[in-house]
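**Student:** One-letter residues, chain by chain:
There are 2 protein chains.
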Amino acid sequence: MKRILPSALLELIDEFGAMPGVGARTAERYAYAVLKRDPKRAKRLAKALDELHAKVKLCPVTFALIDKSEEVSELYADQSINKKLIAVVEEPLEIVAIEKTGQFNGTYPVLGGAISPIDGIGPEQLHIPELIERIKQDDAEEIIIATNASVEGESTALFLQRFIREAGLKLTISRLARGIPVGVDLEYADQISLTHALEGRREL
Amino acid sequence: MKRILPSALLELIDEFGAMPGVGARTAERYAYAVLKRDPKRAKRLAKALDELHAKVKLCPVTFALIDKSEEVSELYADQSINKKLIAVVEEPLEIVAIEKTGQFNGTYPVLGGAISPIDGIGPEQLHIPELIERIKQDDAEEIIIATNASVEGESTALFLQRFIREAGLKLTISRLARGIPVGVDLEYADQISLTHALEGRREL
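The listed protein sequences derive, respectively, from chains A and B.
Quick note on numbering: our numbering labels position 119 of the first sequence as 119, and the sequence is numbered without any gaps.
Quick note on numbering: our numbering labels position 144 of the second sequence as 144, and the sequence is numbered without any gaps.
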């Protein structure tokens with residue numbers, strides 16, 4: 001077998017190909033793009049990758065991602081935050097989506113996943129005790145359960161709702177509204193979103 | 001503005017986002033995937049990126065990519081290769097596609113692009129003198145012009161054809177067949193491919 005590509009390039013293609021959702025052709029394209037461009041750019045990307053794990057940690061209060069040098073995430077420590085309003089999300093990046101709306105002024109605990117018996121993830125693997133602790137300490141008034149609309153997300157929401165009630169906590173429990181997204185015509189809306197939209201209809 | 005993500009993660013998202021075809025959301029997903037997985041993997045990818053440019057060079061004969069330690073690409077040096085059969089491609093990665101068919105036993109020169117006045121690329125930026133030299137030295141019998149089917153690729157093919165004839169070289173000049181790809185029904189074939197398929201029809 002003739003060697004078609006140099007080993008250093010094959011190695012990089014392999015490593016790119018190990019990233020989620022990157023197929024062989026895409027990995028080839030990425031590797032070749034890196035090669036064709038300024039070596040300084042490749043070095044910058046290399047440095048960012050090399051240092052990532054050493055520079056990032058989980059906030060002990062919100063379980064959001066923070067700099068190693070920080071103590072508590074600004075999503076909890078910032079003066080402007082209403083600590084009595086809590087949103088629960090599955091993963092740290094979901095915080096970005098909520099913050100981008102500019103409509104939420106509360107704090108978060110990240111659960112660190114969703115309950116999924118098939119993957120061996122039970123409630124004990126999630127940051128649920130810390131969530132209960134947070135509600136009690138800050139005397140929270142409302143918790144928005146912002147888990148995903150997947151089977152796992154929905155069962156986690158149900159579990160949390162029961163768990164909070166059984167713990168005797170009296171705060172409001174809410175869930176993000178499901179419905180037809182903006183820009184989608186009725187005839188193209190999926191059945192489940194439409195069902196949710198009907199159930200959640202609002203009087204005008 | 002509250003800091004939502006740690007700066008090391010933002011930096012990595014920025015660097016991923018600078019790769020071709022990677023949008024903000026995809027860059028976020030890649031960066032988070034790297035963070036969630038084994039730090040060793042991130043270090044391996046970092047190393048591959050860091051060393052890439054130092055370990056790869058262009059073959060002085062074929063202009064294919066080779067290891068720094070090699071002298072000439074195996075696509076030219078290998079004993080089994082028929083040096084009298086030459087395929088011209090625009091970019092090094094296109095060699096991979098041709099080699100994968102297992103139907104080509106010749107050698108290559110990579111042009112290093114296609115003629116494109118709008119991007120300021122004329123024939124003098126491409127490896128055309130070296131191609132002529134190769135044809136003469138190896139007394140080549142056939143050259144397959146395998147440039148892309150784009151406007152630039154087609155004009156490069158036309159230019160090469162004339163240039164080779166004007167240089168008084170007598171070898172066969174061919175071009176890859178255009179037509180309807182395998183697995184595409186006639187009714188879904190695009191007009192240009194169908195036109196090519198009609199023009200290039202073969203008697204049975």
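Note that these hints are calculated values from the structure, not bench results.
Please note that the accuracy of each hint is not assured.
For identical chains, the list gives no copy identity; a pair is met inside one copy or between any two copies.
Below 25 Å or equal to it, Euclidean Cα-Cα: the simulated DSS-like pairs (lysine-lysine) are [claimed, not checked]:
| hint | residue 1 | residue 2 |
| --- | --- | --- |
| 1 | Lys36 | Lys84 |
| 2 | Lys84 | Lys136 |
| 3 | Lys36 | Lys68 |
| 4 | Lys100 | Lys136 |
| 5 | Lys100 | Lys47 |
| 6 | Lys83 | Lys40 |
| 7 | Lys47 | Lys68 |
| 8 | Lys136 | Lys40 |
| 9 | Lys100 | Lys40 |
| 10 | Lys83 | Lys2 |
| 11 | Lys68 | Lys100 |
| 12 | Lys2 | Lys100 |
| 13 | Lys55 | Lys84 |
| 14 | Lys36 | Lys2 |
| 15 | Lys83 | Lys57 |
| 16 | Lys43 | Lys100 |
| 17 | Lys57 | Lys47 |
| 18 | Lys57 | Lys100 |
**Student:** Have a look at Lys36 and Lys84 and pick one of within, between, both or neither, based on CA distance no larger than 25 Å.
**Tutor:** neither (52 Å within a copy, 30 Å between copies)
**Student:** Measure nothing new, just compare the shortest in-copy and cross-copy C-alpha distances for Lys47 and Lys68 to 25 Å and report within, between, both or neither.
**Tutor:** For Lys47 and Lys68, both the intra-copy (17 Å) and inter-copy (23 Å) Cα distances are at most 25 Å.
**Student:** First find the shortest C-alpha distance between Lys57 and Lys100 inside one copy, then the shortest across copies, and answer within, between, both or neither for a cut-off of 25 Å.
**Tutor:** within (22 Å within a copy, 44 Å between copies)
**Student:** How would you label the pair Lys83, Lys40 (within, between, both, or neither) given a Cα cut-off of 25 Å?
**Tutor:** Neither. Shortest intra-copy (44 Å) and inter-copy (37 Å) distances fail the 25 Å Cα cut-off.
**Student:** How do Lys36 and Lys2 come out at 25 Å by Cα distance, when the copy is not named: within, between, both, or neither?
**Tutor:** within (23 Å within a copy, 37 Å between copies)
**Student:** Between copies, within a copy, both or neither: which fits Lys100 and Lys47 at Cα up to 25 Å?
**Tutor:** Classified as neither: same-chain Cα gap 28 Å, cross-chain 34 Å, threshold 25 Å.
**Student:** State whether the alpha carbon distance between Lys43 and Lys100 is at most 25 Å within one copy, between copies, both, or neither.
**Tutor:** Neither: 31 Å inside a copy, 31 Å across copies.
**Student:** Given a CA cutoff of 25 Å, do Lys57 and Lys47 count as a within-copy pair, a between-copy pair, both, or neither?
**Tutor:** both (18 Å within a copy, 22 Å between copies)
**Student:** First find the shortest C-alpha distance between Lys100 and Lys40 inside one copy, then the shortest across copies, and answer within, between, both or neither for a cut-off of 25 Å.
**Tutor:** neither (32 Å within a copy, 32 Å between copies)
**Student:** Given a CA cutoff of 25 Å, do Lys100 and Lys136 count as a within-copy pair, a between-copy pair, both, or neither?
**Tutor:** Cα proximity of Lys100 and Lys136: none, with 28 Å in one copy and 63 Å across.
**Student:** Are the CA atoms of Lys55 and Lys84 at most 25 Å apart within a copy, between copies, both, or neither?
**Tutor:** Neither, since 30 Å and 56 Å both go past 25 Å.
**Student:** For Lys2 and Lys100, with the copy left unspecified, which applies at a CA distance of at most 25 Å: within, between, both, or neither?
**Tutor:** Between. Shortest inter-copy distance 11 Å satisfies the 25 Å Cα cut-off; intra-copy 51 Å does not.
Hints 1, 4, 5, 6, 8, 9, 13 and 16 from the list above are not met by this structure, while the remaining hints are.
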